[in-house]
Structures are given as C-alpha cells and as structure tokens.
Amino acid sequence: MSTVRVLVGTRKGAFILTSDGKRQDWEVSGPHFAGWEIFHMKGSPVDPNRIYTSQTSGWFGQMIQRSNDGGKSWEPVGKEFAYDGVAGTHQWYDGTQHPWEFARVWHLEPSLTDPDTVFAGAEDAALFKTTDGGMNWQELSGLRRHSTGPSWAPGAGGMCLHTILLDPSDPQRIYIAISAAGAFRTDDGGETWRPINKGLHSLYIPDPEAEVGHCVHRIAMHPSRPGVLFMQKHWDVMRSENAGDCWREVSGNLPSDFGFPIDVHAHEPETLYVVPIKSDSEHFPPEGKLRVYRSRTGGEEWEPLTKGLPQEDCYVNILRDAMAVDSMDSCGVYFGTTGGQVYASSDSGDTWAPIVRDLPAVLSVEVQTLR
Amino acid sequence: MIRVELPAHLRTLAQVGEEVSLEVQGAVTQASVLDALEARYPVLRGAVRDPATRQRRALVRFFACQRDLSHEDPDTPLPEAVAKGEEPFLIVGAMAGG
Numbered sequence: 001m002s003t004v005r006v007l008v009g010t011r012k013g014a015f016i017l018t019s020d021g022k023r024q025d026w027e028v029s030g031p032h033f034a035g036w037e038i039f040h041m042k043g044s045p046v047d048p049n050r051i052y053t054s055q056t057s058g059w060f061g062q063m064i065q066r067s068n069d070g071g072k073s074w075e076p077v078g079k080e081f082a083y084d085g086v087a088g089t090h091q092w093y094d095g096t097q098h099p100w101e102f103a104r105v106w107h108l109e110p111s112l113t114d115p116d117t118v119f120a121g122a123e124d125a126a127l128f129k130t131t132d133g134g135m136n137w138q139e140l141s142g143l144r145r146h147s148t149g150p151s152w153a154p155g156a157g158g159m160c161l162h163t164i165l166l167d168p169s170d171p172q173r174i175y176i177a178i179s180a181a182g183a184f185r186t187d188d189g190g191e192t193w194r195p196i197n198k199g200l201h202s203l204y205i206p207d208p209e210a211e212v213g214h215c216v217h218r219i220a221m222h223p224s225r226p227g228v229l230f231m232q233k234h235w236d237v238m239r240s241e242n243a244g245d246c247w248r249e250v251s252g253n254l255p256s257d258f259g260f261p262i263d264v265h266a267h268e269p270e271t272l273y274v275v276p277i278k279s280d281s282e283h284f285p286p287e288g289k290l291r292v293y294r295s296r297t298g299g300e301e302w303e304p305l306t307k308g309l310p311q312e313d314c315y316v317n318i319l320r321d322a323m324a325v326d327s328m329d330s331c332g333v334y335f336g337t338t339g340g341q342v343y344a345s346s347d348s349g350d351t352w353a354p355i356v357r358d359l360p361a362v363l364s365v366e367v368q369t370l371r
Numbered sequence: 001m002i003r004v005e006l007p008a009h010l011r012t013l014a015q016v017g018e019e020v021s022l023e024v025q026g027a028v029t030q031a032s033v034l035d036a037l038e039a040r041y042p043v044l045r046g047a048v049r050d051p052a053t054r055q056r057r058a059l060v061r062f063f064a065c066q067r068d069l070s071h072e073d074p075d076t077p078l079p080e081a082v083a084k085g086e087e088p089f090l091i092v093g094a095m096a097g098g
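Just so you know, the protein sequences line up as chains A and B, in that order. Quick note on numbering: the first sequence equals residues 1 to 371 in the working numbering. Quick note on numbering: the second sequence equals residues 1 to 98 in the working numbering.
Hints were generated in silico from the structure; no laboratory data involved. Please read these numbers as outputs of a predicted model, since none were measured by experiment. Beta carbons: idealized from backbone N, C-alpha and C, even for Gly. Heads up, some of the hints might be wrong.
Said to hold, decoys possible - Across the chosen pairs, the derived CB separations fall in these ranges:
| hint | chain 1 | residue 1 | chain 2 | residue 2 | range |
| --- | --- | --- | --- | --- | --- |
| 1 | B | Arg54 | A | Lys22 | 34 to 44 Å |
| 2 | A | Asp187 | B | Pro79 | 54 to 64 Å |
| 3 | B | Ala27 | A | Asp188 | 46 to 56 Å |
| 4 | A | Glu101 | B | Ala27 | 56 to 66 Å |
| 5 | B | Ser70 | A | Arg357 | 34 to 44 Å |
| 6 | B | Glu86 | A | Gln138 | 44 to 54 Å |
| 7 | B | Ala27 | A | Ser73 | 18 to 28 Å |
| 8 | A | Gln97 | B | Val16 | 18 to 28 Å |
| 9 | B | Thr76 | A | Lys289 | 51 to 61 Å |
| 10 | A | Pro255 | B | Asp68 | 30 to 40 Å |
| 11 | A | Asp132 | B | Pro77 | 12 to 22 Å |
| 12 | B | Asp73 | A | Arg371 | 57 to 67 Å |
| 13 | A | Glu303 | B | Val92 | 47 to 57 Å |
| 14 | B | Pro79 | A | Asp132 | 39 to 49 Å |
To be verified - To list a few chain A residues with every Cβ distance to chain B over 10 Å, as calculated:
| hint | residue |
| --- | --- |
| 15 | Met1 |
| 16 | Gly35 |
| 17 | Gly58 |
| 18 | Gly61 |
| 19 | Met63 |
| 20 | Glu80 |
| 21 | Ala82 |
| 22 | Glu191 |
| 23 | Ile205 |
| 24 | Ala243 |
| 25 | Glu287 |
| 26 | Glu301 |
| 27 | Leu370 |
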C-alpha cells in the first residue's frame, strides 16, 4: 500500500501529514522545532526517510536538521554557510554596494542519486553543497562570482536563492533562480553559470529586458523533459523549450499573471498549476476567490479549479515553495497558504479539501510518495 | 562554576534545562563564557554570536546583576557575582513586537 507524506514548513514549526494512497484521512505530526521558522523540508529521492530541514530564526540563526527515519527523530547537522573567499558586495536597496551576508537557507534540494549530497539555496544569494549528509557545506562560488553579481539586488523579501532544479538526464546541469537577479544555469556541475533570462520582460527594472535583475518567483520542470521549463515571474508565466536559453510568455487567459508557485503534473508534462494573485501590491487572490489554475496545454489556456476551495472572502497568499505534487497514479496536488491551510487534491486538481486549516503561515510544502 | 541561563529555544537545541553550569578557565568575560558554552554544547555555535566574527547576534541580549551587558566589550570581566557563581549570566532573546 502506498503512503503519501506531506512535509510542511511554517513560520512556527514543521508539520508532517501522512495518509494512505486514498489521501482522504490524514495523520498530523508536529509541530517539530516549535517556534522556529521552517523555510523548507525535503526528502532524498533515493532514501525517502532521509529528510533535510532548514530551521531558522531571526534571533538564533540557522540550523539544519536531518532525519534518517522519515521525520520521527532529528539530529542537527552542519550550519556554517561561509561564503568562499572574500564575499564581495552586491547592490543594496539604496543603490550602494552592500557586503554579501548570510541570512538563512531558503531551499534544500537533495541529490537525485546520493542521499548524502544536498544543495542549499541561501540568502544572500548563493548556492552551497554538502556531500557528507549536511555536516559540512561548501559554496559553489562560481555563481556568486558571475560578472553580474555586483549588480544583483534584493527584492522586498531579501536576495534569496529559492529554486534549485537538478536535471535528471545530465548531472552536470543545474538551474537556479534568485529574487531579484533572475534564472541561471550551469552545465558543468556548478563551476560556471550563465544567466538564462532572455525573453523575460520586467517593467519594474530600468531595462525591462536586462540580462539580470528579473524577479523570478519559481521555476518548474517535468523530469521526463528537463529542457522544458516553466516559470512564474513577479508578473508573467513563462515557458522555455531550450533549457532557459529563451522564454516566451504563456499567461494566456489567467485572471492575473502575478503569483508565486508553479508546478507540473506528475504524469502529464504539459499540465501546469499556478495560483494567480491579484498584484504585487495586493498579495491575495483576485476577487477573494482562491482558485488554482490548470493548463493542460503547457500554458496559454488555463481553467480555474475551485471545487472545495473558498470562493468568497479569501485573502491568503500562497508562497513560492508552498506547492507540490505526488506521483500516485491519480496525481495529487498540494498547496499551503499564509492562513495556515494545507489543501490537497487527489484528482489532479478537480476537487480539493483541506488537510489542516489552522497551522501557522505555510512557507513550504513538499510531498513524498512512498511505495 | 559559572551559571548561564538560556532562552527556551536554545535550551531545546542543547537539550538542557533553564540553567547550565560551566567551568571557565582564566578571566570570566562574555567571550570566555561563550567559548565554554559553545565547547560544551556545539549545537549552540552560531546561535548566540556569529561563528566567524564572534559578534553577538543582533537579537540576542546579555544581562547579569540587573544590568544590560550586551554592548560591553566581550573581553571585559563580568561582574564578580557572576564570576563567583552567585548570579547567573543571562542570554536573552530580544523582545519583538507583533
């Protein structure tokens, strides 16, 4: 019998939601690390009981926790994220240069092949890697040392590296995204990087088509077609057919093309999910209606998914790492809100129900399908 | 022995009670007390002060004997009552609104 495990990071702790393959009845475990911000939790694809967690606090800094038993018990591992060499500077809000300063880990991406290897996306933007199960972290500094680095600037939420996509067909290829520098790709395992922002058009920067400076909110791919990428940008939903070399807009008939998460159906590489948000100044669903939008055509044509979701007076947000899909035969889709609800659909988004309603604000949602 | 009182989150991390007792070699200062604390409880390294610069984290405060010692030089001797173990050295999470 399959089991589905949903890993939920919130402003005040971690929660683990578990169900059988029917996904109707859920067991809730938590809060783990009560009172701490849990930016992200993710399990190893090759050893699902190995889970890594980014536990942070404005008071007490960064912790990385590791579980070897599916989240039943945890041990703190290495938490020193030192920038390689002289950290240098990047652009600050007032236009001056500001030293690179580590604040927190936004995203942990375990290797597709080795449970001891994990990539970590940090604020201020940098990519770190461990090969010993999180005990020691080394920066892949070729990214931060890109010639455009001094011109990178934070968005309102900080200069965070929030997306890490590992290409299952090419271990040397990694995609990352930074708010607000844009998307980058390495084809040599992280030594060198190139911006992949051609085709993006952002009216909130001086040159709307600049090489860097775009506020990319999230990138997604389907593992069967790793060269096809989908992006939710600050505004605009985008698509690339060529590993990010160029992008085209596929916002189509969305009621708003502002939003944070984007994800791809587990079995249908052209089926996408986004959650439109009214605007960059009003971070809640248009008209107070919480609607996931699904495209079965790889973008452009979108349909609202509303059954089981609140359709009046709903003013929550869904953050960039707070949506995930499982790989059950009938694909499950999950997302968490800043209002503390975690919604689940076991039928590709046709119908929804809350698993929990009253958690702290949800920062991240990941799903493990255990067979 | 030097008595150090920890805030709740750090007690959880270190798996200790409200107060720990530490042996401190030489002069009893903020720096030497924190050195001893981090040596005894490595999980707290980086949670009170930056591991590289050894600067106090911005939202951590140090109190003792009804005084705020947060802005004292880390190598300044702590009050005698702390050095004698009569009073605890308090590590406090700063107040935050909201």
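Go ahead and decide if the range 18 to 28 Å is satisfied by the Cβ distance of A/Gln97 to B/Val16. violated (42 Å)
A/Glu80 clear of chain B by more than 10 Å, beta carbon to beta carbon? violated (6 Å)
Taking 46 to 56 Å as the stated bounds, is the beta-carbon spacing between B/Ala27 and A/Asp188 within them? holds (51 Å)
Take a look at whether the Cβ-Cβ distance between A/Glu101 and B/Ala27 falls inside 56 to 66 Å. Since the Cβ atoms of A/Glu101 and B/Ala27 sit about 31 Å apart, the hinted range of 56 to 66 Å is violated.
Does the no-contact call for A/Leu370 survive, Cβ to all of chain B over 10 Å? Check passes; 29 Å lies beyond 10 Å.
For the range 12 to 22 Å, tell me whether the beta carbons of A/Asp132 and B/Pro77 fit it or not. Check failed, 40 Å falls outside 12 to 22 Å.
Status of the stated non-contact between A/Ile205 and chain B (beta carbon gap over 10 Å): holds (30 Å)
Minimum C-beta separation from A/Met1 to chain B exceeding 10 Å: can you confirm that? A/Met1 clear of chain B: closest Cβ-Cβ about 35 Å, beyond 10 Å.
A/Glu287 and chain B, when compared Cβ to Cβ, separated by more than 10 Å: holds (29 Å)
Mind checking the hinted window 44 to 54 Å against the Cβ distance between B/Glu86 and A/Gln138? With Cβ atoms ~46 Å apart, the hint holds.
Would the least Cβ to Cβ distance between A/Glu301 and chain B come out above 10 Å? About 42 Å separates A/Glu301 from the closest Cβ of chain B, which puts it past 10 Å; holds.
With respect to the beta-carbon atoms only, verify the hint that B/Ser70 and A/Arg357 lie 34 to 44 Å apart. Given range 34 to 44 Å: holds, Cβ gap about 41 Å.
Of the hints listed earlier, those the structure fails to meet are numbers 1, 4, 7, 8, 10, 11, 16, 17, 18, 19, 20, 21, in rising order.
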